[in-house]
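Chemist: Place chain B on chain A using the hints.
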Amino acid sequence: MSIDSGVADTALKAALGVGASAAGKEFAERAIKSIVKKADSVEQIFRDDFKIDGQEMTVLCPESIQKFSIALTPKTSHLLPKSVKFSYGVPIRIEIRQVMGLLNLSDAVEITANGFKVKLNKLNPGELYILDVEYHIDDHRFLDSLVDRTFPRDVPHTSDESIRQYEMSAQLKHLSVLKQKYYNVNLRDVDFTVDIAVHQDVKTTVPGIFRQQLETLVEFSKKKGRSEKFKLMMRSLQLQNQKYAGKELDILENLHELFTPMKFKRFVDVLKDFHYSDCMRGSDFYDTLPFPTWPKSMKIVSRTDLNLERPAADGVLAYNHADFVSEIEKVFNIDKNSKMKKKDSKMQNK
Amino acid sequence: MILNRLFVPSNCLQGGELPIHLLWSRDKILKIHIEIPKSFEILRINNGEDFQIQENCIINVSKFEENGFLGMILKTPQLPQPSIDETIIFEIIDSNGERQVEKRYVHLFRPLIKVISVPNQMMVKKESNQECLVNNRILINNEGEGIAVIGFKVLEDSQLKIVEPKGTEQFAKSFWSDWSLELEEIKSMYPDHATLINNLVLLGTSHPQLDASGMKKVKEVFEQLRNELMNDLVFAEDFIKSSVVAYMKNLHIITELESFVTYLKSIESNRIILDNPIGVLKIGREQKKFKAELTTVDLGYNSYPPIPIELKLSAEDDCEVPIHKILAVVQNNMVIK
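Order-wise, the sequence lines are chains A and B.
Mind the numbering: the first sequence is residues 1 to 350 in the numbering used here, read in order.
Mind the numbering: the second sequence is residues 1 to 337 in the numbering used here, read in order.
Hints listed in this document are in silico derivations from the structure and should not be mistaken for laboratory results.
It is possible that part of the hints are untrue.
[Unchecked claim] Every beta carbon over 12 Å from chain A, so not counted as near; a handful from chain B, in silico:
{"id": "1", "residue": "Leu139"}
{"id": "2", "residue": "Pro308"}
{"id": "3", "residue": "Lys312"}
[Unchecked claim] Here are the simulated DSS-like cross-link-like pairs (lysine-lysine), alpha carbons at most 30 Å apart as the crow flies:
{"id": "4", "chain 1": "B", "residue 1": "Lys325", "chain 2": "B", "residue 2": "Lys153"}
{"id": "5", "chain 1": "A", "residue 1": "Lys25", "chain 2": "B", "residue 2": "Lys216"}
{"id": "6", "chain 1": "A", "residue 1": "Lys265", "chain 2": "B", "residue 2": "Lys241"}
{"id": "7", "chain 1": "B", "residue 1": "Lys114", "chain 2": "B", "residue 2": "Lys325"}
{"id": "8", "chain 1": "A", "residue 1": "Lys203", "chain 2": "B", "residue 2": "Lys161"}
{"id": "9", "chain 1": "A", "residue 1": "Lys203", "chain 2": "B", "residue 2": "Lys219"}
{"id": "10", "chain 1": "B", "residue 1": "Lys63", "chain 2": "A", "residue 2": "Lys33"}
{"id": "11", "chain 1": "A", "residue 1": "Lys203", "chain 2": "B", "residue 2": "Lys114"}
{"id": "12", "chain 1": "A", "residue 1": "Lys75", "chain 2": "A", "residue 2": "Lys179"}
Every value quoted in this text rests on a predicted model; they were computed, and no experiment measured them.
Note that the Cβ used here is the ideal one computed from N, Cα and C, for glycine as well.
One chain only, chain A, in its complex shape (with noise of 0.2 Å):
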């Protein structure tokens, strides 16, 4: 494309999908709609019995749970049992605390078979509190229609570097949906997943001898001739007096265990806006060939938060490859003061 300005920015706009951004910022606004919908309700019928102080409006993103609280002071007291009624959904949790000594009042709100209802002679006149209301986010692309999320897929791989840093971004698409006319929307823990490759640290680092060990006793466990399976056993009886003879199964267990998320979670660092939450094995295509059981990645959950003062973050994911591939050393007992000394002595030699 080839543009000046005037006219030819006007149909590069169309081109750039202006038109596109336009129908964006729709879906966001639709998207934002109906889960304030539920909130400006909340404050509408309220506003007869109560002082509205505040209000604020916070979607948990893991949960996909939109929690609204609105600060709010009884206007007059009421000696027989009289309650505010919402009728407009069943919330998944509510909560009323009174400010002062931060009080849950678990008896002065009921949730009823169509929504919820706070009962107003349970409460004090002229006193402060803060009522939370949390509803499901039925719609899986809300967040979609709020942020850009852009997953760095790999990173330059030099061989020197023990560390792999791979660069996170997040940044909201259309800043103004978020401004309510009382409040602002806020996004807590919006996740940011990283696949990093660890299958290259662990073919370079499993001994040759123990994936013959392997191939032998996985060629015997098949049906074949008995001179083929004469020859497997000779080659399995002198592999035997070799050092992982037995213990296969155990090494791979030991191996299973470090893409487990408890121990995988050690090599890496989450830095600057993020913060880490989760590891699991990796899903991407590649990670299926031929059979999702070894992965060739780990996926990395990270998480920030986005909002009208902090629009866009960013941070950086720290792969320690060099402490993964020590750890899987240990498994196979492989002695690094050894592996230096053969490198000296071949060094030496040349």
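Modeler: Leaving out everything else, chain B in the frame of chain A:
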């Protein structure tokens, strides 16, 4: 300094998306001028209300939906060079005439598979320990910095075809059959995800080729899978459990040992992963032609021009040669595998 933060990634896989964002105090009124390489494409500008683009590479923004933030997503090109540094220049001017100029360098990289040599003929010997020994292997190297997933697309007129060894084929069929059943139950529990599940099963049972059209389908399904797993953790847990159940059911067919061996076989040295490493060529005494294309895909689902491979193979005795045995990776003039 006018800006509080300027983020530009220092590297990007060629063909991938590059996110940029600028943050500044809301009390500052700014004009922002950005020069990007001509080969980059502007996918989205976030929070820019009034912007102009000149010559496809100069972006001027002077009005914002909400002051304090400008974001954009650019698309990087796939280039002839496997690695290159490109420059993005930012000029920010505030209402007092104060100026800040920033240059950021982005390292664009990708894999580059080179076939160093293809022998005319290949002879396979079976050693006394039953191991297949192949002389004159196809020598390849990855001269780029990115990971390559390679595979063989066998041509119609090839006399030799790649087949699955018997046990594995049985496992794969049985695994997918059992997992499809588990996934039917998941579908009924999570009807919102039915389309994804149907697409995944279709993909798993059809094993698409690693060419542009095959990868397009793979990319669509796995990006959908990624999004839906991320956005619905309850579904994710049940989904993952179902694959473990299917795997465990079929463990008698393929042992843990074999799966690890297969895993190792699929990883070549030098940032190369081999698609379908357990595929075999059934070779006999009679020399037969193997005609295929070596396909390459990177981790961003970008595919690269296939490389034609043609050679003749024979063996001293009938044998099945795993496909990974006919390849050798070379680095610094040394065979490293």
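Chemist: Could you check the structure against the hints above and give me the numbers of any it violates, in ascending order?
Modeler: Checked against the structure, no hint fails, so every one of them is satisfied.
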